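Construct all of the structure, not just a fragment, from the sequences and the given hints.
Read off the chains here:
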Amino acid sequence: MEPVEIERIEVNLLLEAIFQRYGYDFRDYARASIERRLSQFLKDSGIADLSTVTSQLLRDPAFFHRLVPYFSVSVTSLFRDPPFYKALREKVVPMLRTWPRFKVWHAGCATGEEVYSVAIVLREAGLLDRAMLYGTDISQPALDTAKAGIYPLEILKQGSANYQKSGGTGSLSDHYHAKYDVAVMNAALVKQITIARHNLAMDKSFGEVQMVVCRNVLIYFNQDLQNLVLKLFLDSLDHGGFLCLGDKESLSFSAVEHAFVAVDEKARIYKKRVM
Amino acid sequence: MEPFADTAAAPTVRAVVIGGSAGSTEVNRTILRGLSAAFPAPIVVVLHMHPEDGGLMASNLAAILAIPVVEAADKMPALCGRVHVAPAGYHLLVERHGTLALSVDEEVRWSRPSIDVCFDCAAKAWGSGLVAVLLSGANDDGADGLVQVLRRGGRAYVQDPATAAFPFMPTAALAATSLQRGHSPVELADLLLRIEVGAGHA
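Sequence order for the protein chains is A and B.
Take the first sequence: its position 47, counted from the start at 1, is 1049 in our numbering, and no numbers get skipped.
Take the second sequence: its position 200, counted from the start at 1, is 944 in our numbering, and no numbers get skipped.
These are computed hints drawn from the structure, not numbers from a lab.
Hints may contain errors.
[To be verified] Below, a list of computed lysine to aspartate or glutamate pairs in the EDC-like style, where the Cα atoms sit at most 20 Å apart:
1) 1045/A with 849/B
2) 1206/A with 1237/A
3) 1167/A with 797/B
4) 1159/A with 931/B
5) 1088/A with 796/B
6) 819/B with 1030/A
[Unchecked claim] With the Cβ distance kept under 8 Å, some of the chain A side facing chain B (calculated, not the full set):
7) 1006
8) 1035
9) 1038
10) 1225
Just so you know, these numbers come straight off a predicted model, no measurement behind them.
Every residue, glycine too, gets a C-beta built ideally from N, C-alpha and C.
If you want it as structure tokens, here you go:
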């Protein structure tokens, strides 16, 4: 047997051990990415092979919790991908206005920058008071940051450039105040945002919402898990509700393709058909 | 002259990966120009580019090449006789059985897409059937990737630093590996052409 095949068995056994021992299900995550993260963990912790990791995590929860962050995607920023926010302002906000109240679920929000970005768009449209925003993720440390709404001031610079490109008419600094070397997000934003732990691979629907934002998360799942999660979004969305995916994620060829129409295919914004 | 005599008994080529950075755009075109849709393996190209490329690199390449070119997408199967270009801002990975995958994981050596990430995955997926080519560039991305390609039994070729607009990348790769020398763009073009006419044997 080729060494690469043996490594694949080791990955399978490790993911199975995590699932059986701790209930976290990473078995349907895209493998190439998982394997890279596990290699990084081996390198960082000076362990020779994954079988050793499996043996140790079965007996040592503290060790397992050092491994967990390697599975979560935490690359995010304020107004990341400005054309998306531009499309949101121009094509989605006018339709959100027709709801007296609405809920936005940001699934896989990591440290929350993109939840605040959506909240800022809604605030500038005068819709923030009508909105409840929910940000969920599997990583507790990331959620703690999201909940606090405090970011290093230096990341606001890139955020500000993105904000302008997204069609922002004011200034990003209208929405935070600087305090020493950090930016504290405006209390009006924080008040409308609820941060909670939710595992897309395992947990049930989040209740009825009018918009789901889930960007650059599905690429980390295999086809089966992608379809499962898209079905979860479909079930959670109100008729006429919006689904926003990442730049390189599409509903084409998915199991729920027929249930949505594209609002802006390039920005990956879809609308649930009214049955 | 027989630059690739060492590969006479080499296994069938299952895929070709090409990496490069500063100064690689022209060379990449040169080495792909002679190929057609009859190329017997998928080709995957990872070049460092502007984060707001917006698919321009793939469409520019498609406009001048005979072999079909697509921008790589998540869960897209890598097809024979086709060039798959990594999109800006994403790492390009390869799943077993040769399906492409994207990620927005941290930049590696300040790069996304990273050549190391792609070469490493490709080496796992295609093993001894992989041919990897590293071109001009101004950092050392790709060197670790080539080490992995060789470790998994694949074949690695580096542009001769003397012919590269930015010799740092090929020089770093030659230093990191057991490779004896680099190859001119003409030699690299000839290598790929011979894979095509030899129906899979370099």
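Taking the earlier hints as the rules, which of them does this structure contradict? Violated: hint 4 alone.
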